[in-house]
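For reference, the chains in residue letters:
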Amino acid sequence: MTCAIPSFSGFGLGLRKQHYGEFLERQVAVDFVEVISENFMVDGGRPRDILRRVRERYPVALHGVSMSLGSADGLDRAYLERLRALVDEVDPLFVSDHLSWSRIDRFHANDLLPLPYTEEALDCVCANIALAHDVLGRAVLIENPSSYLAFDGSTMSEWQFIDAICARTGCGLLLDVNNVFVSASNHGFDALDYLAGLPAHHVRQIHLAGHSQGDGLLIDTHDQSVPEPVWQLYEQAIRLVGPVATMIERDDQIPPLAELLAELRTARLLASTRLAA
Amino acid sequence: MNLAQLQRELCEWIAADGMADQSGNSPRADAGLAVYRNNYCCQLTACLEETFPRTRAWLGDCAFHEAAERHIAVTRPAHWSLDAYPRQFPATLEKVYLNDPEIAELAWLESDLECAFVAADADPIQPGRLLTIDWDCAIIHFSPSLTVRRLTTNAPAIFSALSAGTSPPAVEPQPTDAAIIVWRQDYVSCFRLVDRQEADALRALGHGAAFAKMCAVLVAELGQDRGTRRAGAMLGQWISEGLVIDVTTE
Numbered sequence: 001m002t003c004a005i006p007s008f009s010g011f012g013l014g015l016r017k018q019h020y021g022e023f024l025e026r027q028v029a030v031d032f033v034e035v036i037s038e039n040f041m042v043d044g045g046r047p048r049d050i051l052r053r054v055r056e057r058y059p060v061a062l063h064g065v066s067m068s069l070g071s072a073d074g075l076d077r078a079y080l081e082r083l084r085a086l087v088d089e090v091d092p093l094f095v096s097d098h099l100s101w102s103r104i105d106r107f108h109a110n111d112l113l114p115l116p117y118t119e120e121a122l123d124c125v126c127a128n129i130a131l132a133h134d135v136l137g138r139a140v141l142i143e144n145p146s147s148y149l150a151f152d153g154s155t156m157s158e159w160q161f162i163d164a165i166c167a168r169t170g171c172g173l174l175l176d177v178n179n180v181f182v183s184a185s186n187h188g189f190d191a192l193d194y195l196a197g198l199p200a201h202h203v204r205q206i207h208l209a210g211h212s213q214g215d216g217l218l219i220d221t222h223d224q225s226v227p228e229p230v231w232q233l234y235e236q237a238i239r240l241v242g243p244v245a246t247m248i249e250r251d252d253q254i255p256p257l258a259e260l261l262a263e264l265r266t267a268r269l270l271a272s273t274r275l276a277a
Numbered sequence: 001m002n003l004a005q006l007q008r009e010l011c012e013w014i015a016a017d018g019m020a021d022q023s024g025n026s027p028r029a030d031a032g033l034a035v036y037r038n039n040y041c042c043q044l045t046a047c048l049e050e051t052f053p054r055t056r057a058w059l060g061d062c063a064f065h066e067a068a069e070r071h072i073a074v075t076r077p078a079h080w081s082l083d084a085y086p087r088q089f090p091a092t093l094e095k096v097y098l099n100d101p102e103i104a105e106l107a108w109l110e111s112d113l114e115c116a117f118v119a120a121d122a123d124p125i126q127p128g129r130l131l132t133i134d135w136d137c138a139i140i141h142f143s144p145s146l147t148v149r150r151l152t153t154n155a156p157a158i159f160s161a162l163s164a165g166t167s168p169p170a171v172e173p174q175p176t177d178a179a180i181i182v183w184r185q186d187y188v189s190c191f192r193l194v195d196r197q198e199a200d201a202l203r204a205l206g207h208g209a210a211f212a213k214m215c216a217v218l219v220a221e222l223g224q225d226r227g228t229r230r231a232g233a234m235l236g237q238w239i240s241e242g243l244v245i246d247v248t249t250e
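Just so you know, the protein sequences line up as chains H and X, in that order.
Heads up, the final residue of the first sequence is numbered 277 in our numbering, and it's a clean run with no missing numbers.
Heads up, the final residue of the second sequence is numbered 250 in our numbering, and it's a clean run with no missing numbers.
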């Protein structure tokens with residue numbers, strides 16, 4: 001199935017509390033902002049007001065962390081309906097969430113937990129994505145996860161799993177280049193093989209972020225600037241997928257906005273250089 | 001093992017401090033599991049710290065984290081939003097600090113203020129609407145952000161002192177049947193102490209009782225003049241504070 005999600009080739013930042021004022025008081029040099037959907041899936045109050053005012057000034061992408069696309073017992077319909085209401089209000093560029101799971105039964109781990117890459121998990125994820133498409137009235141982007149655990153029972157690689165999901169559901173891809181780097185290091189595969197194995201024509205957005213060195217594993221912490229190896233991998237990714245929306249993701253140790261905008265200028269420069277080559 | 005079984009087992013491992021059977025795991029797998037377990041605990045602890053900064057300041061870091069650890073051990077997150085998780089923490093504090101009720105009351109206040117902050121929007125009633133209301137059969141509708149909670153200590157004074165960075169007062173009991181209300185005005189959560197009569201009135205009206213019924217209760221308790229004046233004063237204050245969003249008739 002082809003991906004019907006329109007392309008958008010701008011450069012953006014994740015909108016974080018520390019920068020609300022600057023985004024609302026002046027026109028920041030971004031082509032779009034990405035917000036964490038769940039932060040605004042509240043009944044009312046200041047968060048919804050801020051999102052309305054931000055949306056008046058910038059295109060917005062909605063990025064979720066709680067859809068739990070890999071849950072074996074299906075998706076939470078109340079969650080989807082609340083997200084649909086936000087989608088209807090915001091009219092976002094993209095609606096995305098992760099190729100992971102966070103809930104089973106009534107337990108919500110509130111984390112992006114890894115899946116075994118099996119036919120059973122593939123059927124489960126594809127059914128869940130189909131339901132999400134149905135309730136949201138639009139196709140979603142799925143983001144490749146960073147993971148710290150692999151399963152002996154997996155029968156395919158992560159990129160084969162993603163390729164199969166895209167082919168079956170027509171969803172788009174949010175390619176997190178840092179996640180590829182982190183998982184390649186943690187699981188011992190070649191990040192370039194990963195990129196080459198993805199369905200490039202499904203990629204609509206790219207995330208760039210930093211990571212930390214944990215106890216024998218790289219951890220996807222989003223608490224520092226994009227490191228050089230991730231920039232190098234981004235150049236390779238851009239060569240494969242062409243001009244798509246690119247953004248810097250920072251969730252901890254949030255620096256001044258100017259620092260993130262400088263990183264974004266680096267992304268613009270690398271992309272334009274690579275695409276012109 | 002099918003996918004659902006695998007997910008249940010992994011959740012059990014994450015939430016139960018690695019008590020599930022780990023035999024046969026490689027060191028690398030154990031390191032990966034430890035990352036998820038650590039994420040789970042850190043995330044829930046951070047969520048409690050963020051919601052209850054004044055409770056933490058009052059209790060001290062060590063006692064707060066002991067209570068948080070106890071709460072996390074027995075209370076598993078059951079909602080897709082982490083914002084829901086802190087709402088049960090004051091109940092845990094009630095059990096842990098049976099003889100120090102100001103601790104849980106401080107935590108309830110912080111939790112209620114957080115809930116009011118993101119409660120549904122509702123505009124206060126327009127003053128012009130009040131002129132046409134038949135108060136004999138009026139039903140008052142309050143802001144969806146309003147909560148009324150019983151209060152036994154001066155936790156709100158402790159809250160205010162901690163918020164202002166001044167030295168908090170010693171714990172003191174409140175008059176019997178005192179209460180506190182929390183709501184949101186525009187985008188700012190606020191609170192006010194109320195006496196038993198006002199708390200009862202707010203609760204009754206919140207459950208759909210008619211304004212006339214509330215007046216009758218006050219008149220029976222205070223006499224005609226004082227009861228009527230009290231009802232009028234409370235209504236005036238609720239309107240001026242943006243608590244009343246609509247008045248319909250029976």
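Any given hint might turn out to be false.
Here are the computed distance ranges between Cβ atoms for each label pair [stated by the list, open to error]:
no., chain 1, residue 1, chain 2, residue 2, range
1, H, Asp252, X, Asp246, 58 to 68 Å
2, H, Gly242, X, Gly206, 51 to 61 Å
3, H, Asp223, X, His79, 21 to 31 Å
4, H, Val135, X, Val188, 32 to 42 Å
5, H, Ser157, X, Ser160, 23 to 33 Å
6, X, Asn99, H, Asp134, 50 to 60 Å
7, X, Met1, H, Asp223, 29 to 39 Å
8, H, Glu259, X, Glu50, 18 to 28 Å
9, H, Asp134, X, Arg129, 24 to 34 Å
Computed footprint of chain H on chain X, listed as stretches where at least three residues anywhere in the stretch have a Cβ under 8 Å from a Cβ of chain H [unchecked claim]:
no., region
10, 2–13
11, 64–75
Heads up, incomplete: computed chain X residues facing chain H, CB under 8 Å, no partners named [stated by the list, open to error]:
no., residue
12, Gln43
13, Leu82
14, Tyr97
15, Phe117
16, Pro124
17, Ile125
18, Pro127
19, Gly128
20, Tyr187
21, Asp195
What the hints contain is simulated information worked out from the structure, not anything from laboratory work.
Every residue gets a Cβ at the ideal spot worked out from N, C-alpha and C, and that includes glycine.
Tested hints:
1. H/Asp252 / X/Asp246: 58 to 68 Å: violated (43 Å)
2. H/Gly242 / X/Gly206: 51 to 61 Å: At 58 Å between Cβs, range holds.
3. H/Asp223 / X/His79: 21 to 31 Å: The hinted range 21 to 31 Å holds for H/Asp223 and X/His79, with Cβ atoms some 26 Å apart.
4. H/Val135 / X/Val188: 32 to 42 Å: holds (34 Å)
5. H/Ser157 / X/Ser160: 23 to 33 Å: For X/Ser160 against H/Ser157, whose Cβ atoms are near 58 Å apart, the range 23 to 33 Å is violated.
6. X/Asn99 / H/Asp134: 50 to 60 Å: For H/Asp134 against X/Asn99, whose Cβ atoms are near 54 Å apart, the range 50 to 60 Å holds.
7. X/Met1 / H/Asp223: 29 to 39 Å: holds (35 Å)
8. H/Glu259 / X/Glu50: 18 to 28 Å: holds (24 Å)
9. H/Asp134 / X/Arg129: 24 to 34 Å: violated (42 Å)
10. 2–13: holds (count 8)
11. 64–75: It is violated, with 0 qualifying residues against the three required.
12. Gln43: At 6 Å from the nearest chain H Cβ, X/Gln43 passes the 8 Å test, so the hint holds.
13. Leu82: holds (5 Å)
14. Tyr97: violated (27 Å)
15. Phe117: holds (5 Å)
16. Pro124: violated (14 Å)
17. Ile125: Violated - the Cβ of X/Ile125 stays beyond 8 Å from chain H, reaching only about 17 Å at its closest.
18. Pro127: Given a least distance of 23 Å, the restraint on X/Pro127 is violated.
19. Gly128: Violated. Min distance 24 Å.
20. Tyr187: Nearest chain H Cβ about 4 Å off; hint holds.
21. Asp195: Interface hint status for X/Asp195: violated (28 Å vs cutoff 8 Å).
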